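4 protein chains.
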Amino acid sequence: MENIVVRYLERPTLNDPIFIEGLPGIGNVGKLAAEHLRDELKGVKFAEIFSKFFPPQVLVQEDGLVKLVDNELYYVRREGKRDFVILVGDYQGLTPEGQYELSDRVLKEISALGVKLAYTLGGYGMGRMVTKPRVLGAATDLDLVKEMEQHGVVFSRGEPGAGIVGASGLVLGLLMGETSGYFVDPKSAQAVLTVLTKALGIELSFTELESKAKQIDQITSKLREAEAQPEAPSKEDLGYIG
Amino acid sequence: MENIVVRYLERPTLNDPIFIEGLPGIGNVGKLAAEHLRDELKGVKFAEIFSKFFPPQVLVQEDGLVKLVDNELYYVRREGKRDFVILVGDYQGLTPEGQYELSDRVLKEISALGVKLAYTLGGYGMGRMVTKPRVLGAATDLDLVKEMEQHGVVFSRGEPGAGIVGASGLVLGLLMGETSGYFVDPKSAQAVLTVLTKALGIELSFTELESKAKQIDQITSKLREAEAQPEAPSKEDLGYIG
Amino acid sequence: MENIVVRYLERPTLNDPIFIEGLPGIGNVGKLAAEHLRDELKGVKFAEIFSKFFPPQVLVQEDGLVKLVDNELYYVRREGKRDFVILVGDYQGLTPEGQYELSDRVLKEISALGVKLAYTLGGYGMGRMVTKPRVLGAATDLDLVKEMEQHGVVFSRGEPGAGIVGASGLVLGLLMGETSGYFVDPKSAQAVLTVLTKALGIELSFTELESKAKQIDQITSKLREAEAQPEAPSKEDLGYIG
Amino acid sequence: MENIVVRYLERPTLNDPIFIEGLPGIGNVGKLAAEHLRDELKGVKFAEIFSKFFPPQVLVQEDGLVKLVDNELYYVRREGKRDFVILVGDYQGLTPEGQYELSDRVLKEISALGVKLAYTLGGYGMGRMVTKPRVLGAATDLDLVKEMEQHGVVFSRGEPGAGIVGASGLVLGLLMGETSGYFVDPKSAQAVLTVLTKALGIELSFTELESKAKQIDQITSKLREAEAQPEAPSKEDLGYIG
Numbered sequence: 027m028e029n030i031v032v033r034y035l036e037r038p039t040l041n042d043p044i045f046i047e048g049l050p051g052i053g054n055v056g057k058l059a060a061e062h063l064r065d066e067l068k069g070v071k072f073a074e075i076f077s078k079f080f081p082p083q084v085l086v087q088e089d090g091l092v093k094l095v096d097n098e099l100y101y102v103r104r105e106g107k108r109d110f111v112i113l114v115g116d117y118q119g120l121t122p123e124g125q126y127e128l129s130d131r132v133l134k135e136i137s138a139l140g141v142k143l144a145y146t147l148g149g150y151g152m153g154r155m156v157t158k159p160r161v162l163g164a165a166t167d168l169d170l171v172k173e174m175e176q177h178g179v180v181f182s183r184g185e186p187g188a189g190i191v192g193a194s195g196l197v198l199g200l201l202m203g204e205t206s207g208y209f210v211d212p213k214s215a216q217a218v219l220t221v222l223t224k225a226l227g228i229e230l231s232f233t234e235l236e237s238k239a240k241q242i243d244q245i246t247s248k249l250r251e252a253e254a255q256p257e258a259p260s261k262e263d264l265g266y267i268g
Numbered sequence: 027m028e029n030i031v032v033r034y035l036e037r038p039t040l041n042d043p044i045f046i047e048g049l050p051g052i053g054n055v056g057k058l059a060a061e062h063l064r065d066e067l068k069g070v071k072f073a074e075i076f077s078k079f080f081p082p083q084v085l086v087q088e089d090g091l092v093k094l095v096d097n098e099l100y101y102v103r104r105e106g107k108r109d110f111v112i113l114v115g116d117y118q119g120l121t122p123e124g125q126y127e128l129s130d131r132v133l134k135e136i137s138a139l140g141v142k143l144a145y146t147l148g149g150y151g152m153g154r155m156v157t158k159p160r161v162l163g164a165a166t167d168l169d170l171v172k173e174m175e176q177h178g179v180v181f182s183r184g185e186p187g188a189g190i191v192g193a194s195g196l197v198l199g200l201l202m203g204e205t206s207g208y209f210v211d212p213k214s215a216q217a218v219l220t221v222l223t224k225a226l227g228i229e230l231s232f233t234e235l236e237s238k239a240k241q242i243d244q245i246t247s248k249l250r251e252a253e254a255q256p257e258a259p260s261k262e263d264l265g266y267i268g
Numbered sequence: 027m028e029n030i031v032v033r034y035l036e037r038p039t040l041n042d043p044i045f046i047e048g049l050p051g052i053g054n055v056g057k058l059a060a061e062h063l064r065d066e067l068k069g070v071k072f073a074e075i076f077s078k079f080f081p082p083q084v085l086v087q088e089d090g091l092v093k094l095v096d097n098e099l100y101y102v103r104r105e106g107k108r109d110f111v112i113l114v115g116d117y118q119g120l121t122p123e124g125q126y127e128l129s130d131r132v133l134k135e136i137s138a139l140g141v142k143l144a145y146t147l148g149g150y151g152m153g154r155m156v157t158k159p160r161v162l163g164a165a166t167d168l169d170l171v172k173e174m175e176q177h178g179v180v181f182s183r184g185e186p187g188a189g190i191v192g193a194s195g196l197v198l199g200l201l202m203g204e205t206s207g208y209f210v211d212p213k214s215a216q217a218v219l220t221v222l223t224k225a226l227g228i229e230l231s232f233t234e235l236e237s238k239a240k241q242i243d244q245i246t247s248k249l250r251e252a253e254a255q256p257e258a259p260s261k262e263d264l265g266y267i268g
Numbered sequence: 027m028e029n030i031v032v033r034y035l036e037r038p039t040l041n042d043p044i045f046i047e048g049l050p051g052i053g054n055v056g057k058l059a060a061e062h063l064r065d066e067l068k069g070v071k072f073a074e075i076f077s078k079f080f081p082p083q084v085l086v087q088e089d090g091l092v093k094l095v096d097n098e099l100y101y102v103r104r105e106g107k108r109d110f111v112i113l114v115g116d117y118q119g120l121t122p123e124g125q126y127e128l129s130d131r132v133l134k135e136i137s138a139l140g141v142k143l144a145y146t147l148g149g150y151g152m153g154r155m156v157t158k159p160r161v162l163g164a165a166t167d168l169d170l171v172k173e174m175e176q177h178g179v180v181f182s183r184g185e186p187g188a189g190i191v192g193a194s195g196l197v198l199g200l201l202m203g204e205t206s207g208y209f210v211d212p213k214s215a216q217a218v219l220t221v222l223t224k225a226l227g228i229e230l231s232f233t234e235l236e237s238k239a240k241q242i243d244q245i246t247s248k249l250r251e252a253e254a255q256p257e258a259p260s261k262e263d264l265g266y267i268g
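Residue numbers (the working numbering), protein chains in the order written: chain B, 27 to 268; chain G, 27 to 268; chain S, 27 to 268; chain H, 27 to 268.
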């Protein structure tokens, strides 16, 4: 059995495509952002990536059918403009070797599609609540650094201090939304997409992400209330803890 | 050394066989069910699967002889009806790679035997005691979903929420008995087999499973009694706990 | 780089040799026994086994020279009798794959040397102090079971309950000395060797093992005294624990 | 994708070069020492080593550009004397296999450069604060042991007791500075370099390392003060810990 199997449903011919990747990770920021982009732009699935570097797991869908976990490639055709290729997925590779192999394979596949510019989206865990997430950037090209700075991306020395871990780091331009790292964070995903839409010259509705963000806000504010009024255990209770 | 070694004791020619798999897992539901089926139908062992994805372990049998851990294939011939192939084993693969490789290899072996329909049996951990286990299902084919619903299988959106992990998920039709996940659960195995016997159109004695279930019930009810009357540590005791 | 490298210092021609293996493990029983046997019988090293399944580690010897960790093969020539091949080593393979690969490779090497009978020595962890260790056995041949029973080996149904883990289990006849599993256990190694010398028809001095056993006994009896008179923490101490 | 990729920026012809390696490890002693040597001697980078045995990680540099983690080879040309090859890097291999493979590959590359003598630098964790670190040594050649002893290296029986783990151990001559193991330890790196400069017959400024050592000293002395005056929790506090 091969380590990675790429199954093409269709072999699209694309116009100087831009690659956008968002996989599960801190705050699921990249995944939320890329899936939102795919949904809003009505991306068409054209390839599925299976691998023994993913968990040996099937997901049960609403109709009772099972689906083996995968990563998926979608294209978005844009009349007279550069097309998009979007990568989303259920998992990143489980091991360092898997991360390298999967990133290497994705790079080979998108190179064959003519991709020269890639954005990988992710979260940057702050370890504290973030009300107004900034978007941090990094790139493999100084021109791209300058261009992204014009769209409000922060290139901050020493951030992220410990380096970027995972698939996000192995491709070309990186956009990371600040996030607490405690919750799935649609607000940070929106911040990332706001920058990306400027860079790509497109417009996007954020209604879906905003309603998801509201749900998360409700949960977190309840949790904060609960934390503010902790039930102090009485001395008697202690007797039964053991 | 090869990753997986399949040793055939016999190369049976089978009549449009149905594959049934039950390996160790949550509550050992799948293993209990598949082994019970094999024992009741007097399955004949025809292949042993060894692999370095299993633990490097031998089991000591009652006669003092050792047996390297393995998975085993049995056939059941049924006069004028579809035959069965049953997979049981001491272990599932230890790593994700092992799970993928072993599932892939089993699929190749049973395809060569002419298998087109497969049931994989397992448990679905509820994290609480289950008195009347339902049987949840999933499949790779909508017709199979409908057929299994007629036999009482529940296809419930969002259950299992986090997907099905392990070898069970990589083959074709899945039957999962609800189980606490705390104990070996023959009652859940019986629930799974009750559905399966309807699907296969066979009859089965459950005496063995029922007596195992009684033993487990005795143990768990004792544990529950013990929990209901905890020895409250005295204030003095607390002083020495630290 | 190959997974396993076997470096022969000499290619001995041996007389119907018997293989004896003792690697580190529970109570280091197997390693202690096999090394004692090698020392007493003045075994001659003829091969070194290096592997990336061992830790990436060198050991510093007394003269300041480093030695890459390995397993080593020794032979013992016995005038007019069956020769011995003894395997000892610094480590077992670190992973299940490593265990399988190393056992497979050792089997190939000793088969090439003409080995037909093998004893693997190990400890059987009891989880409690053992004053008079029994020697438990298992084998791949019923005749060997019977022969070993005559030498006092116990073939006890259900022991070892959970199977034998590690390299010991992958070869042919097993001898396991009961041991607490808490300490290096020369007494258990001696019990194993006492059986083995009967099986091999040889005599052996145990002076070295006995003096090691005395040292361990002194340590454990001190520990037991210390346990018998625990310093009960006073109420005041508790205030500073936090 | 290959396990290890060595990218040569230049293929230098060197004069009977001596190899010096210092990778991250206990107290980062080896890395600090080798990087200091490279900086002071103005080493020229001539090769980058990438590997899937390193973490799948990019580092963000000050200009916002990303760099995939690697190991790097530098050369130092010395008019009419033996040249140096210095290996530094962001990581050691993550797994035992990775350690073996990377060490094996580095050995092959430096052999091709004509290296016959190698020093690998590291720390030796003492588990307690060390005010005046000794430098312990080990080697694969008795002459080298004697030579290093003349430079003040300690070859002490039983130290390091448990053997040397990691890449340091797989090459030729080893120098290990004693270090607590709790902090990055520039003082220990200086002790190692002091020995090495004698062995190499070179002079070196230690200003940089000394200023780093001062910073660490300030941090550790603050921590020691804080430890000396612990805030004793009051009895009342205890009531809420539960």
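If you are wondering where the hints come from, they were derived from the structure by calculation, not from laboratory data. Computed from a predicted structure; not experimentally measured. From the three backbone atoms N, C-alpha and C, an ideal C-beta is built for every residue, glycine too. Keep in mind that a hint or two might mislead.
[As the list claims (entries may be wrong)] Among chain S residues calculated to face chain H with C-beta under 7 Å, some are:
1) Met27
2) Val31
3) Pro82
4) Gly106
[To be verified] Quick list of the computed label-pair ranges, beta carbon to beta carbon:
5) Glu175/G to Ala252/B: 54 to 60 Å
6) Val31/G to Gln87/B: 56 to 62 Å
7) Lys224/H to Gly140/B: 55 to 61 Å
8) Arg33/G to Arg103/B: 33 to 39 Å
- Val31/G paired with Gln87/B, Cβ distance criterion 56 to 62 Å: 36 Å, violated
- Minimum Cβ distance from Met27/S to chain H below 7 Å? Because about 4 Å separates Met27/S from the closest Cβ in chain H, which is inside the 7 Å limit, the hint holds.
- Message: Quick check: does the Cβ-Cβ distance between Arg33/G and Arg103/B fall within 33 to 39 Å?
- Response: With a Cβ separation near 53 Å, Arg33/G and Arg103/B fall outside 33 to 39 Å, so the hint is violated.
- Message: Given Pro82/S as an interface hint, is its Cβ closer than 7 Å to any Cβ of chain H?
- Response: Result: holds, 3 Å to nearest chain H Cβ.
- Range hint 55 to 61 Å: satisfied by the CB atoms of Lys224/H and Gly140/B? 59 Å, holds
- Is the gap between the beta carbons of Glu175/G and Ala252/B within 54 to 60 Å? 41 Å, violated
- Does Val31/S meet its interface restraint, that is, does its C-beta lie within less than 7 Å of any C-beta in chain H? 10 Å, violated
- Task: Verify the interface restraint on Gly106/S: the C-beta must sit less than 7 Å from at least one C-beta of chain H.
- Result: 41 Å, violated
Violated hints, in rising order: 2, 4, 5, 6, 8; the structure is consistent with all others.
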